[in-house]
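S.K.: Keeping the supplied structure of chain H fixed, place chain A upon it in accordance with the hints.
Taken in order, these protein sequences are the chains called H and A. By my numbering, the letter at position 82 of the first sequence is numbered 82, and the numbering carries on one by one without gaps. By my numbering, the letter at position 68 of the second sequence is numbered 1068, and the numbering carries on one by one without gaps.
Treat each hint with caution, since some may be false.
[As the list claims (entries may be wrong)] Derived lysine-lysine pairs resembling DSSO-like cross-links, with alpha carbons at most 27 Å apart:
1) 1013(A) x 3(H)
2) 1055(A) x 1013(A)
3) 73(H) x 3(H)
4) 1055(A) x 1003(A)
5) 3(H) x 1057(A)
[Unchecked claim] Coverage of chain A stretches by chain H, computed from C-beta distances (three or more under 8 Å per stretch; other residues unrestricted):
6) 1036-1043
7) 1087-1093
8) 1105-1111
In short, the hints are calculated from the structure, not lab data. Quick caveat, the model's predicted, so the values are computed rather than measured. Virtual Cβ for every residue (Gly too), placed ideally from N, Cα, C.
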Amino acid sequence: AQKITQTQPGMFVQEKEAVTLDCTYDTSDPSYGLFWYKQPSSGEMIFLIYQGSYDQQNATEGRYSLNFQKARKSANLVISASQLGDSAMYFCAMKGPAGNQFYFGTGTSLTVIP
Amino acid sequence: DVKVTQSSRYLVKRTGEKVFLECVQDMDHENMFWYRQDPGLGLRLIYFSYDVKMKEKGDIPEGYSVSREKKERFSLILESASTNQTSMYLCASSLHPPPNSWRPQHFGDGTRLSIL
Chain H
1 AQKITQTQPG MFVQEKEAVT LDCTYDTSDP SYGLFWYKQP SSGEMIFLIY
51 QGSYDQQNAT EGRYSLNFQK ARKSANLVIS ASQLGDSAMY FCAMKGPAGN
101 QFYFGTGTSL TVIP
Chain A
1001 DVKVTQSSRY LVKRTGEKVF LECVQDMDHE NMFWYRQDPG LGLRLIYFSY
1051 DVKMKEKGDI PEGYSVSREK KERFSLILES ASTNQTSMYL CASSLHPPPN
1101 SWRPQHFGDG TRLSIL
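Excised from the complex, chain H in its bound form (with noise of 0.2 Å):
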């Protein structure tokens, strides 16, 4: 069964604009974490932004926060004021209980236009 989905496969957005990725997830667990991924085109994943199940406030990091709906099940990624340095691969990710449960979606491509 699909634990993460990420419906849009590419996103169009304009140098200094605001972004929303889409992210919804899947599980009956009530503790589990929620992580963004970025991979530019040379291919190393890079670990932007983890929300945790139990947290109350959404979380930020710099331009990066994440939009946390837990009766929806969807953890969008905001980015603002985008940058040409955005254009990349975004992944969302989900961690469960037990040690082998990381899921990963399966990609949005951001391209950010000057």
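M.R.: Using the frame of chain H, we list chain A on its own:
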């Protein structure tokens, strides 16, 4: 900063060969992971290790084995390589988190493996 190093960036092997992919991390992380990444499928977990000599199967362990003789090193082994194992392989490591808390995985640069 955490450094996860994969031994090769690009590798070309022949069908039937035994292939070793090596991964080393320098931050004393307990957990190490091997994934393969294919277009349209995201990352899929092959194997996971939570301690030296300890391992657990992920979602797609068939055709693979792993070895963790030292805490910093986690090896992925393709026992008899086949063309459907052509893929990008990513190694990751993370700390054991406290209860009800989480730690991100830190990834290596990946190995693009082609099986001819």
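S.K.: Taking each numbered hint in turn, which are not upheld by the structure, reported in ascending numerical order?
M.R.: 1
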